[in-house]
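> Full structure from sequences and hints, please.
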Amino acid sequence: MSNFVDRISNFLNTKENATKLTLTAVAASTLTAATLLSYQATRRRMRLRALRDSPLPATVAPVPLNESLIDEQLSQTIAFLGKEGAEKMRNSFVIVVGAGGVGSWAALMLLRAGVKKIRIVDFDQVTLSSLNRHAVATLDDVGTPKVKAIKKHFGRIAPFVEVDSRIDLFTKETADELLSGSPDYIVDAIDNIDTKLDLIKYCYDRQLKVISSMGAGAKADPSRVQIADISETLEDQLARAVRRKLKKMGVEFGIPVVYSAEKPHHVKLLPLEEERVQEADDFAALPDFRSRILPVLGTIPSMFGMAIASFVILKLAEYPDFEPLVIKLRDGLYTRIHRDLLAREANQYNNKNCPLDPRDVGYIYEEMWQGKSVISGPSEKVALTRWVRSEPLSYWNTVCMTKQEAAAHDKLPADVDLKAHYGDAMFDLVNSRFEREKHIRSIWGDIF
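For the sequence shown, our numbering begins at 311 and goes up steadily by one.
Read the hints as simulated data drawn from the structure, not as lab findings. You may find that some hints are simply not true.
What the hints assert, rightly or not - Lysine to any residue pairs mimicking SDA-like chemistry, simulated, CA-CA at most 25 Å apart:
1) K682 x F621
2) K682 x T609
3) K625 x L728
4) K426 x G453
5) K682 x P668
6) K458 x T609
7) K625 x S742
8) K519 x K682
9) K558 x A571
10) K519 x L438
11) K713 x R751
12) K721 x C664
13) K511 x L438
14) K682 x D478
What the hints assert, rightly or not - Here are the simulated distance ranges between beta carbons:
15) N661 x Y514: 23 to 33 Å
16) E377 x V698: 43 to 53 Å
17) Q386 x A653: 17 to 27 Å
18) R516 x L652: 18 to 28 Å
19) D531 x L441: 22 to 32 Å
20) N657 x N741: 47 to 57 Å
For every residue, glycine included, the Cβ atom is placed at its ideal position computed from N, Cα and C.
Structure (structure tokens):
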């Protein structure tokens with residue numbers, strides 16, 4: 311080993327100049343390569359930084375679309391709604407107030423349906439924690455206003471839809487400006503109760519059509535999501551609070567809402583850390599806005615938003631026979647109505663063989679009459695009875711009335727002219743429901 315080392319040492323001593331030149335060349339080449347690689351890496355970093363720091367356009371330059379291409383994009387919607395209905399919907403103007411988990415999904419589906427103009431109002435920014443439920447926001451959008459992020463992404467989906475984004479907070483003072491332009495429908499996706507009440511009352515007083523979202527937080531069961539009048543909601547704390555406060559403001563019904571009938575049983579408010587409790591207002595987005603929130607399963611707000619969009623689209627298109635079914639899982643009520651119906655048939659018509667069972671009663675009450683008296687509307691004391699007294703009970707000869715109205719109806723002469731007695735409007739309404747049911751039975755009779 312020592313001999314090998316000595317030979318190497320002698321070689322280097324005898325070739326000293328050549329070795330130095332070789333090592334110098336190698337070092338110079340290595341330094342040059344390192345410099346080039348460093349320069350290239352620096353240039354790449356600079357280009358990436360420039361791309362990240364450059365402001366994104368409010369809208370992406372749209373690819374020119376002629377009417378035939380737009381029709382192709384909307385072909386499924388047009389086929390479903392019919393050409394006339396789709397045209398009514400497309401020529402509409404909808405305002406969405408609130409661009410979070412519910413509002414962003416409602417706006418997205420209205421856009422995909424082709425609503426001509428959509429105004430989106432929100433003051434807040436996209437956060438990391440909101441990405442579990444927002445319709446279009448990505449990591450790149452975190453820290454930017456929600457409405458700007460939405461407008462950017464919407465331009466890539468349907469550039470033929472006019473998207474008006476407003477970075478603003480809805481208040482009584484800003485209502486006239488933010489809800490201007492004669493909207494065909496307004497979507498309330500606000501999560502602050504006082505602001506929500508202001509919006510609903512504003513719309514109610516001015517006869518503006520509005521649908522409101524109730525609480526999606528702490529809910530998880532997709533089968534419990536419903537659309538109902540605010541007066542018919544249950545198991546929703548936000549809906550209960552809104553209902554009670556609206557009643558004090560003179561609004562008892564007439565406001566459709568999306569809500570969940572699920573009763574939360576294990577999810578509670580996310581608490582602030584102990585050291586921050588004294589400074590709770592500092593952690594709220596704005597004064598008087600919630601600083602603690604219910605945890606949200608991202609799928610439920612999206613279902614709320616899509617339910618709202620479906621409702622608005624069908625209303626704008628004047629879709630025939632569209633009336634959301636209020637499902638309250640009230641088998642006990644159906645049994646009571648059925649028992650009363652049996653007694654009425656026995657006492658009034660000496661009939662002890664009722665052709666309708668409690669399930670039939672539930673269908674007639676909920677599906678055909680939406681749980682309301684055909685004469686006076688919603689009531690807690692309802693009954694089913696024959697429409698034409700001389701004909702037997704059936705799906706097309708049973709109406710829903712209050713108990714008092716049913717008692718008076720049963721005392722009418724058997725040959726009474728119902729059209730003359732109740733008026734054209736109500737007579738036509740009853741007959742249209744019966745005709746619709748006959749049509750349904752003719753199509754699905756074997757299944758029924």
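> Please go over all the hints and tell whether each is borne out by the structure.
Results of checking the hints against the structure:
no., hint, verdict
1, K682 x F621, "holds, 20 Å"
2, K682 x T609, "violated, 32 Å"
3, K625 x L728, "violated, 31 Å"
4, K426 x G453, "violated, 29 Å"
5, K682 x P668, "holds, 17 Å"
6, K458 x T609, "holds, 23 Å"
7, K625 x S742, "holds, 19 Å"
8, K519 x K682, "holds, 21 Å"
9, K558 x A571, "holds, 24 Å"
10, K519 x L438, "violated, 33 Å"
11, K713 x R751, "violated, 28 Å"
12, K721 x C664, "holds, 20 Å"
13, K511 x L438, "violated, 33 Å"
14, K682 x D478, "violated, 40 Å"
15, N661 x Y514: 23 to 33 Å, "violated, 46 Å"
16, E377 x V698: 43 to 53 Å, "holds, 51 Å"
17, Q386 x A653: 17 to 27 Å, "violated, 50 Å"
18, R516 x L652: 18 to 28 Å, "violated, 48 Å"
19, D531 x L441: 22 to 32 Å, "holds, 23 Å"
20, N657 x N741: 47 to 57 Å, "violated, 27 Å"
In this structure, the hints that do not hold are numbers 2, 3, 4, 10, 11, 13, 14, 15, 17, 18 and 20, in rising order.
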